Amino acid sequence: MAHLPNLIIDLAIILGTAAVTTLLFKWLKQPLVLGYILAGVLVGPKFSLFPTISDPATIRIWADIGVIVLLFSLGLEFNIKKLVKVGGTASMTGVIEISAMVLLGYLTGMCLGWSTMDSIFLGGIVCISSTTIIIRAFDELGIKTQQFAGIVFGILVIEDIVAVLLLVLLSTLAVSKQFFSAEMLVAIMKLAFFLVIWFLGGIFLVPSLLRSGRKFITDETLLIISLALCLLMVVFATSVGFSPALGAFIMGSILAGTIYAERIEHLLTSIKDLFGAVFFVSVGMLIDPALLVEYAGPIAIVTVVVILGKSIFVTLGALVVGQPLKQSIQTGMSLAQIGEFSFIIATLGLNLKVTSGFLYPIAVAVSALTAFTTPYMIKASGPICTWVESKLSPRTKLFLTAYSSGAQTIGSVSDWYQLLREHIQIIIVNTAVILGIILLASRWLMPLIAEEIIGSPGADILTGFLSILLMAPFLWALVLKRINRPVYTRLWTERRAYRGPLVTLAIARGIIGLGLVLLLLQQFFSVSLLLFVVVVLTGGWLVLGKRLPLIYELIEKRFLVNLNSRQIYQENRMGRNLLPWDAHLSYFEVNAESPGVGSTLAELALREKYGVNVISIARGSVTMLVPGRNERLFPGDKIAVIGTDKQLEHFISLIEPAKKEKVEATPAQEISLQKIAVDESFPYIDQSIRNSGIREKTQGLIVGIERKGTRILNPDSTTFFLPGDVIWLAGNTKLIKEFQRENRLRTFK
Numbered sequence: 000m001a002h003l004p005n006l007i008i009d010l011a012i013i014l015g016t017a018a019v020t021t022l023l024f025k026w027l028k029q030p031l032v033l034g035y036i037l038a039g040v041l042v043g044p045k046f047s048l049f050p051t052i053s054d055p056a057t058i059r060i061w062a063d064i065g066v067i068v069l070l071f072s073l074g075l076e077f078n079i080k081k082l083v084k085v086g087g088t089a090s091m092t093g094v095i096e097i098s099a100m101v102l103l104g105y106l107t108g109m110c111l112g113w114s115t116m117d118s119i120f121l122g123g124i125v126c127i128s129s130t131t132i133i134i135r136a137f138d139e140l141g142i143k144t145q146q147f148a149g150i151v152f153g154i155l156v157i158e159d160i161v162a163v164l165l166l167v168l169l170s171t172l173a174v175s176k177q178f179f180s181a182e183m184l185v186a187i188m189k190l191a192f193f194l195v196i197w198f199l200g201g202i203f204l205v206p207s208l209l210r211s212g213r214k215f216i217t218d219e220t221l222l223i224i225s226l227a228l229c230l231l232m233v234v235f236a237t238s239v240g241f242s243p244a245l246g247a248f249i250m251g252s253i254l255a256g257t258i259y260a261e262r263i264e265h266l267l268t269s270i271k272d273l274f275g276a277v278f279f280v281s282v283g284m285l286i287d288p289a290l291l292v293e294y295a296g297p298i299a300i301v302t303v304v305v306i307l308g309k310s311i312f313v314t315l316g317a318l319v320v321g322q323p324l325k326q327s328i329q330t331g332m333s334l335a336q337i338g339e340f341s342f343i344i345a346t347l348g349l350n351l352k353v354t355s356g357f358l359y360p361i362a363v364a365v366s367a368l369t370a371f372t373t374p375y376m377i378k379a380s381g382p383i384c385t386w387v388e389s390k391l392s393p394r395t396k397l398f399l400t401a402y403s404s405g406a407q408t409i410g411s412v413s414d415w416y417q418l419l420r421e422h423i424q425i426i427i428v429n430t431a432v433i434l435g436i437i438l439l440a441s442r443w444l445m446p447l448i449a450e451e452i453i454g455s456p457g458a459d460i461l462t463g464f465l466s467i468l469l470m471a472p473f474l475w476a477l478v479l480k481r482i483n484r485p486v487y488t489r490l491w492t493e494r495r496a497y498r499g500p501l502v503t504l505a506i507a508r509g510i511i512g513l514g515l516v517l518l519l520l521q522q523f524f525s526v527s528l529l530l531f532v533v534v535v536l537t538g539g540w541l542v543l544g545k546r547l548p549l550i551y552e553l554i555e556k557r558f559l560v561n562l563n564s565r566q567i568y569q570e571n572r573m574g575r576n577l578l579p580w581d582a583h584l585s586y587f588e589v590n591a592e593s594p595g596v597g598s599t600l601a602e603l604a605l606r607e608k609y610g611v612n613v614i615s616i617a618r619g620s621v622t623m624l625v626p627g628r629n630e631r632l633f634p635g636d637k638i639a640v641i642g643t644d645k646q647l648e649h650f651i652s653l654i655e656p657a658k659k660e661k662v663e664a665t666p667a668q669e670i671s672l673q674k675i676a677v678d679e680s681f682p683y684i685d686q687s688i689r690n691s692g693i694r695e696k697t698q699g700l701i702v703g704i705e706r707k708g709t710r711i712l713n714p715d716s717t718t719f720f721l722p723g724d725v726i727w728l729a730g731n732t733k734l735i736k737e738f739q740r741e742n743r744l745r746t747f748k
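Numbering follows numbering that gives the first Met the number 0, in which position 170 of the sequence shown is assigned residue number 169; successive positions increment by one, without gaps.
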């Protein structure tokens, strides 16, 4: 009889048990992630009633692949623009939550009588939520498109990045017994540098690579290419000291900006489900029923601390940054668990031999328990929000509503602020690129030249000159590129007080450029060659100086084309702008079985029956913005719809009766929501919406008006514009911005 590898036997046991438990949980209408964890307990080494796997180490490798695939798929849903848009709210909320949970975990450990180091590591363990558990729970509950989900994912990204820093901090603390050190500062700078380099290089290279081979890309080749890019980034991230999960997420975010994002996500679904199942089963395998009894007290206490602490502090953080009460509670209760990063932190303490042996089992048990409670916490967020609102006084409700609306204030960005922001941006980007060139040249190019081309004596000189050629366009942009000339000229001529700061900016750019040049010279050239190198550089600058702006412009143009290759609404507003009404934008795909197929928008009466507005219909390569009432819906149409969570939940039965899953579309034209003040600059004061012609001028639809503390959703076309109104306009982004510029209208920051 042929020998069967243990891996196949173990997979048969795992998947067979998971199949039974998931069918059971599906029948019970419970999230499948709970069934996977139960399957892990049943086939784990600590539970002898059922067959047990024989090679846990190999299964753990498969589980690690599952984490990589899950983080890669998450990155596909959040491209760079979207991360920047959600960054402010998510960053502030994440910082508040992480700081509070680290302190709460430390105090909990001290109250339990643990050592100082155990308590510090407990603080790190309880502050990081589980991305994989939340992704799976959101998938199962069908709430990924709801308004609060974008904030949850943004906070998870912030937590994952902070977790990397936390690993460095705890390692430094364990070795040096000092909370702050030069090593910690270097690690933070290193992470920031590599993030910038990865994103800039990835956006410039990856879409161009896919575009050049588009004639040969099939579903099979696209899947192989995308997974190869993911694993290459994982290897690269690990080689420079970061987590594989961070590398997978970064590559997913880069590919999310390409035109193949949705196609890759579709192809990846089965692989994600398979490896994700193995990961969650492996989590259950780590649970020791006897250990749960032995440490039942500390496990229960830490579990309560995680659930209550995260729910409360995330909710408070979201309220502080201006989120409405409902979204804040939903966000807080979604993040009330710990997961894979907590295991890594606990393992770090064991490997460094600075924590007690019981800390890791407690972390695993708490993670498993909070994984079980997560779906129920998410489901309970709605009723709890209703209960909290019933206990609040009318004055408190009014304050929270006013604070949430006031967090998005109207104002104009000053010329100086705009110019300063653009200077900082160009300094950071070009400095990172130049440092990346120097790093790659010294670590990779010079050894290659020394071994394969001319040998060691001349390798450093040749590498130095090649590095100078590569960095010359970016050095020109860093030092000499004129930024926003109209604003610069206006500040210099009309506001003499700004001349000093403008000169200071120019000098600062020059000093940074000079420092980078000196770094390159020190890296590749000896002191005896410096005069010769300076002469060559001067001559080269005189000959090629006029070509550098053209070269840089070509590079910048290609980068912007790649960055904007996928035009979707989520990268602009994520539906956050209609917070006063809890309305946001979602995408749906009309299938052949939809009851609304073949009917006109007038016959469907979407606004009257469901309270929603259709903003666009994407049909093939054509996109109709603000379609007319006589436009029909056909199978395969991808429609953008604005409404509240309840309205969209009601509306989805018209579009997808068989499968309640929202599908993101990729409109050919960019649409967005804009908030515009009706003041002395507004040209249509005391005119009706219909007579103003705004719909025709902007291909836009007015979906809301704020007026003297009241809010009007879906205003009638006979409504007049009054001074002091704030209108919400959805439509063609380009035309709306042109309309704002022509009339010098005030917009939101």
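Among the hints, a few may not be true.
Mimicking DSSO-like on lysine-lysine, the simulated pairs with C-alpha atoms at most 30 Å apart in a straight line are [to be verified]:
(1) K733 / K480
(2) K480 / K390
(3) K214 / K189
(4) K189 / K556
(5) K736 / K707
(6) K378 / K396
(7) K214 / K556
(8) K396 / K674
(9) K480 / K214
(10) K696 / K733
(11) K637 / K545
(12) K325 / K645
(13) K645 / K378
(14) K556 / K545
(15) K645 / K674
(16) K556 / K696
(17) K637 / K480
(18) K352 / K325
(19) K696 / K674
(20) K25 / K378
(21) K352 / K378
(22) K736 / K378
(23) K480 / K608
(24) K352 / K390
(25) K325 / K214
(26) K325 / K696
(27) K390 / K325
(28) K736 / K25
Computed beta-carbon distance windows for the label pairs [claimed, not checked]:
(29) T537 / Y416: 31 to 39 Å
(30) S652 / R481: 53 to 61 Å
(31) P44 / I427: 45 to 53 Å
(32) E648 / I506: 56 to 64 Å
(33) T599 / E555: 27 to 35 Å
Hints listed in this document are in silico derivations from the structure and should not be mistaken for laboratory results.
Source: prediction; values computed, not measured.
Each residue gets a CB set at the ideal place from its N, CA and C atoms; glycine is no exception.
Structure-based check of all given hints:
no.	hint	in the structure
1	K733 / K480	holds, 27 Å
2	K480 / K390	violated, 58 Å
3	K214 / K189	violated, 38 Å
4	K189 / K556	holds, 28 Å
5	K736 / K707	holds, 25 Å
6	K378 / K396	holds, 23 Å
7	K214 / K556	holds, 23 Å
8	K396 / K674	holds, 24 Å
9	K480 / K214	violated, 37 Å
10	K696 / K733	holds, 11 Å
11	K637 / K545	violated, 48 Å
12	K325 / K645	holds, 13 Å
13	K645 / K378	holds, 14 Å
14	K556 / K545	holds, 18 Å
15	K645 / K674	holds, 23 Å
16	K556 / K696	holds, 29 Å
17	K637 / K480	violated, 42 Å
18	K352 / K325	violated, 44 Å
19	K696 / K674	holds, 16 Å
20	K25 / K378	holds, 16 Å
21	K352 / K378	violated, 40 Å
22	K736 / K378	violated, 40 Å
23	K480 / K608	violated, 56 Å
24	K352 / K390	violated, 49 Å
25	K325 / K214	violated, 48 Å
26	K325 / K696	violated, 36 Å
27	K390 / K325	holds, 14 Å
28	K736 / K25	violated, 48 Å
29	T537 / Y416: 31 to 39 Å	holds, 37 Å
30	S652 / R481: 53 to 61 Å	holds, 56 Å
31	P44 / I427: 45 to 53 Å	holds, 50 Å
32	E648 / I506: 56 to 64 Å	holds, 58 Å
33	T599 / E555: 27 to 35 Å	violated, 45 Å
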